[in-house]
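Engineer: Here the protein sequences line up with chains A, B, C and D, keeping their order.
When we follow the numbering used here, the leftmost residue of the first sequence carries the number -8, and every step to the right adds one.
When we follow the numbering used here, the leftmost residue of the second sequence carries the number -8, and every step to the right adds one.
When we follow the numbering used here, the leftmost residue of the third sequence carries the number -8, and every step to the right adds one.
When we follow the numbering used here, the leftmost residue of the fourth sequence carries the number -8, and every step to the right adds one.
Simulated from the structure, these hints should not be mistaken for laboratory data.
Be aware that one or more of the hints could be misleading.
Copies of one chain are not kept apart here, so a pair can be met inside one copy or by any two copies together.
[Said to hold, decoys possible] Listed next, the in silico BS3-like pairs over lysine-lysine satisfying Cα-Cα at most 27 Å (straight line):
(1) Lys195 - Lys105
(2) Lys30 - Lys195
(3) Lys266 - Lys73
(4) Lys319 - Lys106
Small disclaimer: the values here were computed from a predicted structure and weren't measured.
4 protein chains.
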Amino acid sequence: MKVAIIGATGYGGAELIRILKNHPEVSIHSIHSSSQQGKSIHESYPHLQTVVGHTLEDIDVNKIANEVDLVFTATPSGISSKLVPELLNKGLKVIDLSGDYRLKDTTVYKEWYKKDAGDEHWLSGAVYGLTEWLEEDISDTKLISNPGCFATATLLGLAPLVKNKVIDNHSIIIDAKTGVTGAGRNASAMTHFSETNDNLKIYKVNEHQHTPEIEQVLSNWNTEVSPVTFSTHLIPMTRGIMSTMYADVTKETNIDQLFELYQESYQDNYFVRIKEQGIFPSTKEVLGTNFCDISLAYDERTNRVTVVSVIDNLMKGAAGQAVQNMNKILGIDEKSGLEFVPVYP
Amino acid sequence: MKVAIIGATGYGGAELIRILKNHPEVSIHSIHSSSQQGKSIHESYPHLQTVVGHTLEDIDVNKIANEVDLVFTATPSGISSKLVPELLNKGLKVIDLSGDYRLKDTTVYKEWYKKDAGDEHWLSGAVYGLTEWLEEDISDTKLISNPGCFATATLLGLAPLVKNKVIDNHSIIIDAKTGVTGAGRNASAMTHFSETNDNLKIYKVNEHQHTPEIEQVLSNWNTEVSPVTFSTHLIPMTRGIMSTMYADVTKETNIDQLFELYQESYQDNYFVRIKEQGIFPSTKEVLGTNFCDISLAYDERTNRVTVVSVIDNLMKGAAGQAVQNMNKILGIDEKSGLEFVPVYP
Amino acid sequence: MKVAIIGATGYGGAELIRILKNHPEVSIHSIHSSSQQGKSIHESYPHLQTVVGHTLEDIDVNKIANEVDLVFTATPSGISSKLVPELLNKGLKVIDLSGDYRLKDTTVYKEWYKKDAGDEHWLSGAVYGLTEWLEEDISDTKLISNPGCFATATLLGLAPLVKNKVIDNHSIIIDAKTGVTGAGRNASAMTHFSETNDNLKIYKVNEHQHTPEIEQVLSNWNTEVSPVTFSTHLIPMTRGIMSTMYADVTKETNIDQLFELYQESYQDNYFVRIKEQGIFPSTKEVLGTNFCDISLAYDERTNRVTVVSVIDNLMKGAAGQAVQNMNKILGIDEKSGLEFVPVYP
Amino acid sequence: MKVAIIGATGYGGAELIRILKNHPEVSIHSIHSSSQQGKSIHESYPHLQTVVGHTLEDIDVNKIANEVDLVFTATPSGISSKLVPELLNKGLKVIDLSGDYRLKDTTVYKEWYKKDAGDEHWLSGAVYGLTEWLEEDISDTKLISNPGCFATATLLGLAPLVKNKVIDNHSIIIDAKTGVTGAGRNASAMTHFSETNDNLKIYKVNEHQHTPEIEQVLSNWNTEVSPVTFSTHLIPMTRGIMSTMYADVTKETNIDQLFELYQESYQDNYFVRIKEQGIFPSTKEVLGTNFCDISLAYDERTNRVTVVSVIDNLMKGAAGQAVQNMNKILGIDEKSGLEFVPVYP
């Protein structure tokens, strides 16, 4: 099977290349960029010299449709909503890594993204690709909307509690932390080394655009869930997300039962690893992999649960989950091409 | 005035030296260590070569009492409780940077510190030195118990809300983050560069020994406050603490009123800086100084407040606040010797 | 084919596990540790939970000899020299990652390592495994002595110049830089985050134990080469070595000819990548891979060449090259199990 | 005495503010920026909130000349050469932190800076402000050209050897390393956190614009010195420069004599600290200060000396040395306002 990557010069695109280069059943047919066409990919990413020989091509939808079976659009929000329908109309399958097809309600999109949402036709057909909790067989799906990085870590962490109604629906607080690659490759004050190194910042307090995506899914799982409190912190590290989540427990329970709940919830999911009681995950323990590691604590003094989940934002938070979804579409083992061992330390 | 520093080879001791070296009204008479006596301080800290000429001395309480007016004990918990009474009994004033004299209830101490508390006599006389909220004139106080680093950032952030009964007493959640100097100078897995760099860990979930200290002070301010949820994260940076705090608002309020409350609460406090609305602090903005920078957000969707406070853990979180307390004891300007401009970037 | 790893809890051992877990022709039969036997490997390395199920075993040479074909000894210098002969005497093949079998002259070993060298019998039979420059077929070799990390980066960088007598034999200066994993997993002042982060140190000026190893190989290539100047710097990063090398050019040449020389020298070597003229390598561009990236500059003003070579110290500098050597012994493609794409950024 | 800072929003300007805020004999009268006039300095640098109340002003030369005695121009190369003559013509004294007045030969300037040099009149009158080696009384000097950061570390390290003709004039090799603040505050690929963190790069091999400045001064000291080999490395840290220098020794000497030479050379210089034999400096040991720490090694095997010198690039490499020069002009103690203790760790 042949695929194309559009937006190959961003970090998400580069990570797709890293994964697909060694995928046993899929090959990268072409890579595309709106600005660097005609240049070899290793001009943008010298680490790919001798590894990937592709030259960046412009985005010729007809040509792409003739040559490949599936396209990854690793393009920014606002660009995807213009490009994706063209690709779909040619009969291509698309896995979109932007935020453009995640929110079913276009007014919510506009409120949080400050731009117009995509067309309602394709939006209504898009499947939100939180792979472990897909609610349908996606082998016939045309468009997968790949979840946001923070949303992935958070939703995988909260799912067992929300689906099983263990917690107070009004009490969810999410304190999220990310490495700097989350801000992309463009140079800015946010990504400036001297401003970020050896420093800790909080940003987008109650304003992050992944908030409505998290709330939409939580509501699907349990219509009683209220808006969440969500803030994000910039950690002086390259990759990795940790989501620390707090909620009041309403059911009578204890730490053993909670761990049992999590283990059962994810027992068939290779990529979600529940830690042993008393052991908490760290971001480096999933570096370069598609794993989401989760642990939790229950405080009897406060009757509150603390859930911790970590992912590599470029893998399970972007390219890794996209390939996992591609595997599902192809009907092959979801682990195919994704059996990386974490690069530690 | 002459002072002695006991425990000068730890990071807290070294930071006391950095401050007091240029203090206009106090001089370092002697520095002490239980293990390095006879060695020059620059063998432990080469950066002090030519700056501080002192040789480390052993801890001879009589000699110290004859020569100085006040002692800083930058010694570990469990050591201070043995050493401090000896110093006090000789008539010295003591500012203790350990946890040994912070908790008034010795059973609580034992529960969280896993060792025996200090004597009740000196414990009952000790003043908890959260300088901005001292409840008495300390010019006659013999023993100041200097607050913990997390407790300082957290309590300064929560004080206006708790004292003014703005929030639900059962709803306080504290998500704290620290740089690695918080773990001290001893080499361990926790402080190993290869395990910590480019990594993010959570540790001591609901188990950090600063929890009871925070709860004790909150209860003093408002007896209705319930136990808090408190977790700590290890950030790959050297210095700095950020405390992100969440609570449900019970009073009708808005963001303008909340900022006004904070500005009024701290209008006479040079070392607490309330940011402008919409601007949040970062740890590097207080590096090397005694400042605590605070900002907050109020989410009308959830009726919840998010407070963010940052300090340099070795300064306002340890040595800086200790000197601020010393200034108060001496009856001089609390800023004396502490007017550092942040080292940025 | 089955292999055992002795010293599996060090960083070199853990990296062997990462590689061999997915090796198509070899499986890890057992892993061994002198101190952690009976414990699961994921107690030492939580990132291996669910990935590698092995329990650490003690070092029973007879049992190992009965069960596996080849052993990696990722043990410290001084330990290998005791252990390796026992394994060899049982008929096992050994790839030793320590410094114990690198120096043919036992007095030189003692001078630089400050301990006694291994036995001369096995020493004389050991092959120095700088894979690209192996001087013999190693399919019958019993003992491969895997090169030091600094030696690998340096020798691959200097080989074309020294073998082709382009430079003044007395003029070689090597300014080497390493990430902190080079110092191993033991906690020490050298590996303490607070001492190393945001800091740059030089250490072992003219005293690094890889010096004689470099000189031994250079002398084999060209008997006229004098002792080299070699210093090492500790960079606040986890992995990676850069060797910046300077030498006076004696032949008439120019930058085009020098690049041609390097390209020809390594044209059949997948793992050595010569950069394009004017492009210099960075350590992250080889992260997690067995690549050595090299570039160079020639200054007509000084008639001096500057060669820059980078490796991942745990891969081409340790475990990666060890597996490359294992592949050579097995007579399979040297790339087998090593076709990682760099993890960037 | 009143001073103005032009270019206050760059890192050099911000560091001048940090120093001068607490200077006992000088006050900051006004700060200027070509792009941010009318804004408070704490909009650019939030850490200055409550510390410095100045608003950025435009650059009105007449107004400045009426109000202050001396101006620091922390402006980029190419800008200073236009601005500085205007200021000087109004009778102001100027300390220029750019490269525009460092090179006496305008063709050399053009070759390395790729732009036109400043006017020859003021150029010939400018004094190169390597403070420890000033060759004249500067109390009447109108224009001080403040040295480059790499040049400062390198020249202080080489001075005793070159002035005393200890080394081969053709053998000088300088392997320099810098933190990322050396690249300024503008966001670029070079300063992007994700590209720089946990990474090590070499750049400007034989092409750095500080090369001719180093060579000009070395030639003044000893006309026989040949062009030097000079390369620069980007270290994943915020501040700090280390210059590792290599040269062949021609005089008969030994390590004791060499240390004696360095100690004597700098015995009257507070800001140059010669380490003890066997102890090497690290960049963090001078953080936030005007110190230059130097050590060296002599290898009898190669007859070569290795000199290591470290500075804080924003202090002794820029703003610190600028204030030191200002103190000299004023005829006050060169340490005035500069007695910082290093911020360690």
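Engineer: Decide, hint by hint, whether the structure agrees.
Structural biologist: These are the hints, each one checked on the structure:
1. Lys195 - Lys105: within (14 Å within a copy, 40 Å between copies)
2. Lys30 - Lys195: between (36 Å within a copy, 24 Å between copies)
3. Lys266 - Lys73: For Lys266 and Lys73, the Cα distance exceeds 27 Å both inside one copy (42 Å) and across copies (38 Å).
4. Lys319 - Lys106: neither (31 Å within a copy, 55 Å between copies)
Figure legend: structure checked against the earlier numbered hints; hints not met, in rising order: 3, 4.
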